[in-house]
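> Sequence:
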Amino acid sequence: PRPEIGGAEKQLLRLIEHLDDTQYRTTVICLDGEGSLLDNFHLAADQVIVLNRRGLFDVVTFTRLLGHIRRIQPSTVHTTLYIANLFGGWAARLAGVPNVVVSQRGLGIDPQHSRIKRVVHAILNGFIGTFSDARTVNSRAIADRMASYGWDDCTVIHNGITDKPYPSGSRLLDLRRELQIPAESVVLTAVSRIDPKKDLVTMLRAFRRVQAQARDTYLLIAGGGFDAYRRQLIEEAHRLGIIDHVRFLGFREDVADLIVLGDVSLLSSVTEGLPNAILESMLLARPVVSTLVGGVPELISHGIEGYLVPVGDAEALASRVLELVRNPVQRESMGIFGRARALGDFSVQTTVDRTTSVYGKPVSARQPVAVPMVPVPST
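Sequential numbering of the sequence shown, starting at 76, is according to this note's numbering.
Please note that a few of the clues may not be correct.
Under the rule of at most 30 Å between Cα atoms (straight-line distance), these lysine-lysine pairs were calculated in the DSS-like manner [said to hold, decoys possible]:
(1) K85 - K192
(2) K272 - K192
(3) K272 - K85
(4) K85 - K239
(5) K192 - K239
FYI, nobody ran anything at the bench for these hints, they're computed from the structure.
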């Protein structure tokens with residue numbers, strides 16, 4: 076299946092929406108196909124091109140990409156994520172683009188990757204570092220990882236977020252009815268791709284421990300992803316005897332409403348960059364219990380905006396969740412601290428300003444063309 080909307084795609088869209096259109100013309104080149112964000116990109120960008128790449132070494136698509144870049148003659152090409160960095164960044168270099176900016180948004184660590192694949196990944200990332208003019212990452216943890224590939228001068232640009240209205244009380248009541256959750260129940264929300272890297276099996280096992288001591292709790296898992304893994308999770312929830320209190324919601328447009336419906340937000344990933352799901356939970360004043368991974372500690376100070384637990388430790392995850400389930404005052408306090416931090420330290424304008432500083436100073440109005448590239452505005 077195609078991946079669901081990811082954090083990199085959301086951040087790219089947010090960047091384009093907030094660029095000064097008197098200074099920048101933007102073309103989005105989507106390498107791998109169409110998706111549910113495509114309409115949003117059409118609205119935000121001056122031009123959108125879809126290439127439908129077939130495999131990493133698709134010479135035909137690479138040639139078409141090279142032709143598009145030569146025709147557009149941008150002052151900056153900005154690629155996002157590993158494949159686009161390699162495929163698009165190298166094409167931009169060959170096309171003579173003055174400023175090639177590559178961005179890495181995750182640690183690039185997959186427990187399922189073979190040793191050979193990891194070695195190839197390291198070599199190609201090193202190659203990307205040699206031909207690019209600037210390298211950006213969205214967390215210090217990623218900067219440390221990329222330094223091992225030779226990216227010694229990364230610019231850290233944290234994800235940005237914009238404030239949003241809270242759903243009405245009637246909307247939240249409607250959601251409870253839709254999801255068949257009793258009015259007084261405590262709700263745990265996980266906004267997460269259905270992907271083994273998110274280690275949702277550990278989350279389910281932690282929830283079983285929570286359920287054993289706090290029966291009136293429910294777990295919402297919102298996100299699309301891999302069907303086979305979803306089936307595995309449903310089977311695990313049945314095996315654990317918690318299926319009646321777990322809601323597998325699939326992809327949802329109303330993620331913010333689901334976060335507000337929840338009392339605590341959860342993340343159990345084994346690898347992360349700087350998770351948008353945590354930022355959104357903080358913005359909406361919800362405490363977070365997350366694994367201590369990637370850039371998460373750059374968002375959550377343990378015991379202030381939430382709790383951090385070891386990767387794969389269902390007992391530790393359950394213990395911290397239970398602490399918050401039993402203490403509504405603590406939940407509210409952590410939520411207040413989280414919202415203040417999100418608004419104060421992670422504004423989208425700060426992200427835009429830091430990104431455009433990497434693009435360089437415009438020569439004249441709408442002269443520069445930033446060409447952000449992603450594998451796919453995902454469905």
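> Now, for every hint given, state plainly whether the structure supports it.
Results of checking the hints against the structure:
1. Of the pairs offered as hints, the one joining K85 and K192 holds, with about 27 Å between alpha carbons and a cut-off of 30 Å not exceeded.
2. Pair hint K272 plus K192 holds up; C-alpha atoms about 16 Å apart against a cutoff of 30 Å.
3. With a C-alpha separation of about 19 Å, the suggested pair K272 and K85 falls inside the 30 Å cut-off, and the hint holds.
4. For the hint linking K85 to K239, the alpha-carbon distance of about 15 Å falls within 30 Å, and the restraint holds.
5. Simply put, K192 and K239 have alpha-carbon atoms about 41 Å apart, too far for the 30 Å limit, and the pair is violated.
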